Amino acid sequence: MELRKNSGPLKWCMITLVVVFLTMFLLLPLVYIVITALSKGIDTYISSITDVYAVKAAWLTIQATLWAVLVNTIFGIAAAWCLTKFAFKGKKIISTFIDLPVTVSPIIAGLIYVLTFGRQSFLYPILDGWGIQIIFAVPGIILATIFVTFPFISRELIPVLTAQGTDEEEAAALMGAGTFTIFRKVTLPHIKWALLYGIVLCTARAMGEFGAVSVLSGHLRGKTNTLPLYIELLYQGYDFTGAFAASSILVILAVVVLVLRLLLEHRGQKELDIHK
Amino acid sequence: MNRMRKHKSIIPGFGLSFGLTITILSLVVLIPLCSLAVFTARLSFSEFIYTITRPRVLSGYWVSISTALIAALVNAVMGFIMAWVLVRYDFPGKKFIDGIIELPFALPTAVAGISLTHLTTTNGWVGKLFYEAFGIRIAYTRLGITIALIFIGIPFVVRSVQPVLEKMDIQYEEAAMILGADRRTTFWKVIFPELLPALISGFTLAFARSIGEYGSVVFIAGNTPYETEIAPLLIMSELQEFDYAAATSIALVMLAIAFIILSINAVAQSIVSRRVSGLA
Amino acid sequence: MINKKIKIIAAALAAVLALGTLTACGSGSDSKSSGGTIELTNVSYDPTRELYAAYNEIFEQHYEESTGKKIEVTQSHGGSGKQALEVSNGLEADVVTLALEGDVQVVADAGLIDDGFVSEFPLDSSPYTSTIVFLVRSGNPKGIYDWDDLIRDDVGVITPNPKTSGGAMWNYLAAWYFFEQQGQSDEDILDSIRKLYGNVVVLDSGARGSTTSFVENGQGDVLLAWENEAFLSLKEHPGEYEIVVPSVSILCQPTVAVVDEVTRKHDTVDAATEYLNYLYSDEAQVIEAENFYRPSTPEVYAQYVTEIEGNTITEIPENGKWINDKVVLTDINHFGGWTQARAVHFADGANFDSIYEQ
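Protein chains in written order, with numbering that gives the first Met the number 0: chain A, 0 to 275; chain B, 0 to 279; chain C, 0 to 357.
Same shape as in the complex, but just chain A (with noise of 0.2 Å):
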């Protein structure tokens, strides 16, 4: 604690820094799409929000972001018991493959989909014949989603079970104790908070997606537009006050998932302590 009195003016610079930072980046982008949003009027700004196509974006988005989270969940999941417990050739193959993902860009992650489940395809055959549509419908759009949110579950896991070490589940296995209840016993409770800050990254990732599912959305009013895609449709149609507005909503889901996480985490720091 000494320490951390040492340095007074450091300290301020530093803090001064870093807020002057993040209120030139963050801050006042953020402040200008509520103020332009705001121009015309809490009247506008309601009947922006609530038009039709805008809550159907918002439905879509939200669906497709709930479909990242579960699957990215039970992969991240998967992915880092079997990368953290178990030694095994061409492990660092698949840890590297797994975040390759986030480094792609989301231009090519539409791409690559359109190639492998457009027309000239020889999936597409099969698939229609089936009635079934990937792109350009709503699988596509919920396939890029995950696409881009791949690793960030699993790599917030790794390091904590990388840390923790397998003598827990080692001996939890000597007791006797199946697969599931080992993970939901000893695991679990480890990574709670790194699972918990993972799915709040994957969230809100996946809700501001734009570039991978703008290449293979087909941008169908009302149909697979996402909201993000439906900001880029009313700024091109002119309709700022709408295409910030909509924004708007975002940057609300996004602050509500990022606050929610704070009030869990603070829940979580207090039963640790009692633990102690």
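It should be emphasised that the hints constitute simulated quantities derived from the structure, not laboratory data. Among the clues, some could well be false.
Here are a few chain C residues that sit away from chain B, every Cβ distance over 10 Å (derived from the structure) [unchecked claim]:
| hint | residue |
| --- | --- |
| 1 | Arg48 |
| 2 | Asp187 |
| 3 | Glu235 |
| 4 | Pro237 |
| 5 | Asp266 |
| 6 | Asp324 |
Stretch by stretch, here's where chain B covers chain C in the computed footprint (C-beta under 8 Å, at least three residues) [to be verified]:
| hint | segment |
| --- | --- |
| 7 | 198-209 |
| 8 | 215-222 |
Quantities reported herein were computed from a predicted structural model and do not represent experimental measurements. We treat Cβ as the ideally placed atom computed from N, Cα and C, and that holds for glycine.
Since chain A is already given, all that's left is putting chains B and C on it; use the hints.
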């Protein structure tokens, strides 16, 4: 990692977790990525080389890489300071700052691009100031691209350094100080090496993400060939010309760049962690 | 305690997902008719949003009155080339209404539209046309009156990238035609075009992006725009801009077509054909003219021709007559049709690429 046993583990669930991992990984990532290679293979090797080394394409990579690198460096420095401030200091509004770090993830890149462009054109709030005071134009220059990339890269470094810093035992620092090290020495010899792997991984992620960024950049870039035309835009323009093979070739190169960056990160991680554990 | 909470959240998520999937399947499986309503999808290019929003309304009414069936049209807008590509890739459009014949040809080449689509509807399947004009700031401070003003050193030009925007190809070709009319050799024309694009401040990827750069973000001195886009800006921002009609320009013929493959699958052939046919009706032609597209019916066209002399338009005429009939228009046939124009000017390494080589 080196604690891992080489013989078969007694922990159950390998089959299940491995199977799930490989299945989902293949369906979502590997198979779609293969189609990229399949479409590129429609070109002969010399055509492929020609496509990816045209001057305009090369300048596209360069614009993307150079701006992404600067943005990632800025984010590395600022992200480190932010993580430090958030972990080590108490001040009013800290929770708030901590909470908004992820906003660049949640805000659609297009919205970020639009609002940043509006702010930084010569008649926007910020752009006007800079233009009139210093004669600097932000939007529609590489500076503008860099700013958009800084915006989208903010969370990476903070969020990878922060947890490590939180877990770091303050005893080491105290020991160093008691042993007579001054604050600067303590920082550079004790704290920084511990944080380096996290810093590198945050930096490489921010860098890699920025290279591929499209949504926010197209609005602010101005898209002038050889000046502010980014590589992802070139992919889009090849697609508009219905030239799939060319588009996928450029995409493949960008994918390779991303893969190389990630591998460098992996190598750096193992070197640094070996050195750190060697020191300890 | 936390576990319980997580369980509740998980249950809620599962419920929402299940619901979501049901609705998703619901909307996915019956794209053509739900509850007796025929659904049509019209994939169009960027600037036609306002036009089709208005047109769909009267068409839906007309269709119900004439056939007794309800119809609902879903719109998709984007860069013309990109839209064509998406339809070829499997975006299930019943009709395409794109910026140029070349883009419809792409869909036809993918095997989705039967041959001869150009003559399927009257007037080369172009129910409305447009042209390229200049939009300048109020008072025309830089004195921009014709194409050769655009290559002056002090002029900043805004136009989209012809490689990513169909409309921008028209801009480029119109400029080419002007310099050709000046009697320049091909090499000189290329030089002039190089100067023109050297003056471009922001090369956006689409027509709408360019308009935004010019109007909202205050970039450049002149915007090369579709006539309808220019008038729309005049309408949205009265008193801030002027339209300058150059001495020559190009007749832009947006092309419409029924996507045969998709309509057969959806069983919407009749509805789709009627949708495009009705674009030629007097009611629709009036709507097109009111959205500043040049109507193809001579009678309707004549109603909108202005008597005002001069090439500068500072406001939308009160009597609604806005068409400047004096401008000399070339058309795509002058350039040997789209296939040739693309090969000579816009393909990789062709003229447009060469002007950027140092």
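Hints, one by one, checked against the model:
1. Interface exclusion of C/Arg48 from chain B stands, the closest Cβ pair being 17 Å apart, more than 10 Å.
2. The non-interface label for C/Asp187 is consistent with chain B: the shortest C-beta to C-beta separation is roughly 22 Å, beyond 10 Å.
3. Here C/Glu235 stays apart from chain B, with its beta-carbon at least about 17 Å from theirs, past the 10 Å limit.
4. With a cut of 10 Å on Cβ distances, C/Pro237 stays outside the contact zone with chain B, its closest approach being about 19 Å.
5. For C/Asp266, the requirement that its beta carbon stay farther than 10 Å from each beta carbon of chain B is met, with the minimum near 29 Å.
6. Every CB of chain B is more than 10 Å from the CB of C/Asp324 (nearest about 34 Å), matching its label as outside the interface.
7. Residues of the segment 198-209 of chain C with a Cβ under 8 Å from some Cβ of chain B number 7, which satisfies the need for three, so the listed coverage holds.
8. Here's how the segment 215-222 of chain C fares: 4 of its residues keep a CB closer than 8 Å to some CB of chain B, so the rule of at least three is met and the hint holds.
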